[in-house]
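Asks: One letter stands for each residue in the lines below.
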Amino acid sequence: MSAELDADLAALLPIAIISHAHPSISKGGAEIAAYTLFQGLRGLGIPTVFVAAVPMALRDRVDLRADEHAVFYDPEQYDYLYQLGEGTTLAQLRRILARTGAKLLNFHHFMSFGVNALRDVAAAADVRTVVTLHEFLAICHNHGQMVTRPHRGLCGGASETACGTCFPELGWRRMGLRTSLFQDSFAEVDQFISPSQFLLDRYIAWGVPASRCSVIENGLARAISDRSPIRPAAARTDWVFGYFGQVTPFKGVDVLLDAAERLAAMPGMADRIELRINGNIAGVTDAFKSKLEALTTSLPFLRFLGPYENGGVLGMMGDCDYILTPSIWWENSPMVIQEAYAAGRPVICTGIGGMAEKVVDGVSGLHFRRGDPADLARVMAGAADDAVYARLQAGVPRPYDTTEMAKRYLAVFAAAATGRGLTVPTQSVIQNASGTSLAQGQRRKRSR
Amino acid sequence: MDSAPPPSDRDLHGVLTALSHAAADLVAQPLRPVSEHLCGYIESLWSERPGAVWLTGWVSRDVGQEFAVVVADRRKYAGAVAIACYDRPDLPPHAHAFIGLLQTDWQPTPETTDVFAFIGPELKRFIRSVSPLRLQDGPGFAAEFGRVQTLCHVGRVNALRGAMLSGRSWLPDTGALSGASVKAAADEIMVLPGFGCFVQGWILSPTKRLVRLSLKLADRVLHSMPGGLYFLPRPDLGSAMPGMPTLLDRAGFVAVLTGALQPEDLVAPVLKAWFSDGTSVNFPLDPLAIRRLGHALPFEAILRLFPGAANESFFDRCASAIRHEVTGRLAEAQPLNRAPPAERVLVVALPAQASDVRLVIDQIAYRLGGRRPAPAVVLLAELGAARAQLPSLAAQIEAATGAPCATFLIEDTGRPLFALATVLDMLGARRFLFLGAGVFPDAAAWTEGLDACMGDDEALAVITATNGMVLGGLAWTTAGFRQWLDEDGLPIGATHTEALLERGGTVAGGARLVQGSGRPDLLIESVDAVRHGKGHAA
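Read top to bottom, the protein sequences are chains Y and X. In terms of our numbering, the first sequence is residues 798 to 1245. In terms of our numbering, the second sequence is residues 3 to 540.
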């Protein structure tokens, strides 16, 4: 396969997929996407190495396979405001890159390594760098969510003043400095890839040159050829709605619980539905835990099933009729939506951001108003209908697999390697955000 | 109306002075302590002050109550004694106990073991000290005086008490001894070495009018300035002296007291309240009320007590002391590691916030990493959290840049230019680029700043904030900087660095400043106004 590659790209091999975490340590969307790409590229015969940041304390737990490398760091020494890694992190990364000879670097997130590490390795004249954006961390210090503090409203755009209002303890000056640091570092990057147009649009509005940006959806590592069969209406005793993911404040599970109470109050509804919450609880208040516990006791149709193994998620989704994504933040390209599609299930989601982009309202799922449990209850009640379900089921798209994802990435890598433009068809999943040539706005290789 | 004439030691003082003069004529005579002439013993001493030693002991009843003496303690001293006597059951019938005052240049010391006092004019009879001799402190002696004064039936006990309560006395608590029903305390003693102090407190004196105050700190005595005392109502003290509403209207006081106060004097405060009848009473004050200005309190705390301080007659002296206090501390720089000589240096004051420090280090490493030749690096930090990180920060910079990195601890990274001068001298630097705390230049400013540091242009180049004309950094020669310091003198307030803005050219680009200059100390601004001949601030 590598023989078919553009000569400029071939000269940069192997490709280094650089992930802020290793899937054997954590199972976040970014590291899973990075690892999926690594496997896809290797499946195509492209020499590729995987470099993951691993907390020093977990070095015994990391499971490294062939061509996988770890950079160990101390989270206590990492700066979470400016996203600065230690000097030793950079040194380890440089050693690995020198040892493997990788010259085409694809960063999936810069966290754990630090934006300084990204900047410094990208500045080398013989290196080409592609950054895959996974959320808004460069734009927003609030966990990269673009949700305001302390009221959790949706943020329409970052600015020194607005960010300083969210973080009065840090002040607008630091917010401005943070932005300039990231923009300065990103100036070294050849190409940006986003799994969603929504995410990319936010970055372009923030300052990333549209001419260096592409959209490539994350692929799924597991087989997606066998969709779960639709449950026959005659055999269905009730409508099953499933939530899959971490139970955190940003994921909107509290909205889901409030909606459950409203559904319970709707005549006849409680007997027709089942609501399953799957996932581990993290970062929620004691009041939320108490409420979850009380409602699972008082509402017979509500079940909290706890953590689940990701390997079995498609089967668990297949046991549901709808998958729920009630996040109160924008989301980017939630893996759970791809998994739902892989399982052949429509999605009921908050009608904002990456969710609204991936779930077409009335086609592959249904939208409800952000943070509105009454509206969610209304939509769920309406979804419990054979005709509606059949229509949405038919509209569920087929997600990418590893091979498709890798092929589309290779096109961007080639553009980065040659510095030439990449013209993308309008309907292609690889989209140039501006619709113009990527030859514009080449990255700088600058002196300091 | 003031009360009846107070007990006074004026007459006694005159008598003792006359006897001392007479004793001076006797000092040359030979002294022979023949045992048959021993007529009593000195049992304890309290050296109140130079010239005044208080005694207890016993003597034969036929010795008078005021007499000239020659004190023999390795050498001879003229003196005069006044005693008041009382009966004590352990003594033989021909003797009685005494308590008294010895006026002399002799001073007992902890090493004093055997001292004789020959009684004039014959100088045959004598009293001597017991062994071991007990040296008392003021409060102990005053307590003993208080116990025995009512027993005295011979001698001038009232005059002796008057001497003990005189204005010269700094017994810490004379309220009980005087019999006066006066109470006082200080809420706050704001001290300023080199100037004096500002005291806020209260005094309840139902019979006498307070006219002035003195304060003793260690051995230093400060006095209230004329017009430097005013009164405030203190209704909260009603329970201490019920039924005296008029008294409470003026029970609070604020005073400015001046004197050559030194930093080592800030202990053992005793307040002396002077009344309109010439008497005084001493009060021990709580040492916890002492707050050093510029250390425990901002200088502008003075404005709470004297809102128009800048227009007060004491302000020039006060401003001078503040400036001396501030500049002395700001100029200190303590090297934390070995600081080798360096001709060209990049000096960076570290900000307070840990994230900012990390970014500073990152930027130094990034901007200097590929630069050859590069200046030596100097980090300035306060004795805060950054101190603990300094060695590793210096190591990170050395590893990333290959340049040596020296570290110094300074008083205030927000006002670093005084210390900068010290550091440049210590390193023998000829040229420098200095960046203030929390200053983050952009690429252009870094480049031009470093070029100026590594070049040969004698002119000052300043780095300003991107969002306004605020000084962020400067590149200059040490000689130029020194000359400017000597000629213009640095302000110590918020305009600390602004004076340089008009003096040099501005480099391209700019800098982001993550911290403002902070709220200025309003009094410091007035101090700078005095310094630069702008008169007192309004």
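Simulated from the structure, these hints should not be mistaken for lab results. You may find that some hints are simply not true.
Claimed, not checked - Stretch-level coverage of chain X by chain Y, calculated; a stretch enters the list once three of its residues show a Cβ under 8 Å from a Cβ in chain Y:
#1 356-366
#2 381-390
#3 511-517
Stated by the list, open to error - A short list of chain X residues far from chain Y (calculated; beta carbon distances all over 10 Å):
#4 Gln31
#5 Ser46
#6 Arg63
#7 Arg90
#8 Ser216
#9 Arg222
#10 Ser315
#11 Asp318
#12 Asp444
#13 Ala445
Unchecked claim - Non-contacting residues of chain Y with respect to chain X, defined by C-beta distances greater than 10 Å in every case (computed):
#14 Leu810
#15 Gly842
#16 Asp876
#17 Gly884
#18 Arg916
#19 Asp917
#20 Pro965
#21 Gly968
#22 Arg970
#23 Asp981
#24 Gly1004
#25 Ile1027
#26 Asn1075
Yeah, the Cβ is synthetic: ideal placement off N, Cα and C, and Gly gets one too.
Asks: When you look at the beta carbon of X:Asp318, is every beta carbon of chain Y farther off than 10 Å?
Replies: Non-interface label stands for X:Asp318: nearest chain Y Cβ at 38 Å, farther than 10 Å.
Asks: Hey, does X:Arg222 actually stay past 10 Å from chain Y on C-beta?
Replies: Nearest chain Y Cβ is 45 Å from X:Arg222, so the label holds.
Asks: Taking 10 Å as the cut and beta carbons as the points, is Y:Gly884 off the interface with chain X?
Replies: 5 Å, violated
Asks: Verify this for me: three or more residues of the stretch 381-390 of chain X with a beta carbon less than 8 Å from a beta carbon of chain Y.
Replies: As far as the stretch 381-390 of chain X goes, the hint is violated, because 0 residues have Cβ atoms under 8 Å from chain Y.
Asks: Taking the minimum C-beta separation from Y:Arg916 to chain X, is that value above 10 Å?
Replies: Not fine: 8 Å to the nearest Cβ puts Y:Arg916 too close to chain X.
Asks: Determine whether the non-interface label on Y:Gly968 survives the test: each CB of chain X must be over 10 Å from its CB.
Replies: Violated, because the least Cβ-Cβ distance between Y:Gly968 and chain X comes to about 7 Å, which does not exceed 10 Å.
Asks: Does the claim that X:Ala445 lies off the interface hold, with its Cβ farther than 10 Å from every Cβ of chain Y?
Replies: Nearest chain Y Cβ is 7 Å from X:Ala445, so the label is violated.
Asks: Beyond 10 Å on every Cβ pair: is that true for Y:Asp876 relative to chain X?
Replies: 4 Å, violated
Asks: Evaluate the condition: distance from the CB of Y:Gly1004 to the nearest CB of chain X exceeds 10 Å.
Replies: At roughly 15 Å from the nearest Cβ of chain X, Y:Gly1004 sits farther out than 10 Å, so the non-interface label holds.
Asks: Since X:Arg63 was said not to touch the interface, does its Cβ keep a gap of more than 10 Å from each Cβ of chain Y?
Replies: 82 Å, holds
Asks: Mind verifying the non-interface call on Y:Asp917? Its CB should be farther than 10 Å from each CB in chain X.
Replies: The claim is violated: Y:Asp917 sits with its nearest Cβ about 7 Å from chain X, within 10 Å.
Asks: Examine each Cβ of chain X, and state whether all of them lie more than 10 Å from the Cβ of Y:Gly842.
Replies: About 37 Å separates Y:Gly842 from the closest Cβ of chain X, which puts it past 10 Å; holds.
Consistency note: the structure conflicts with the earlier hints numbered 2, 12, 13, 16, 17, 18, 19, 21, 22, 23.
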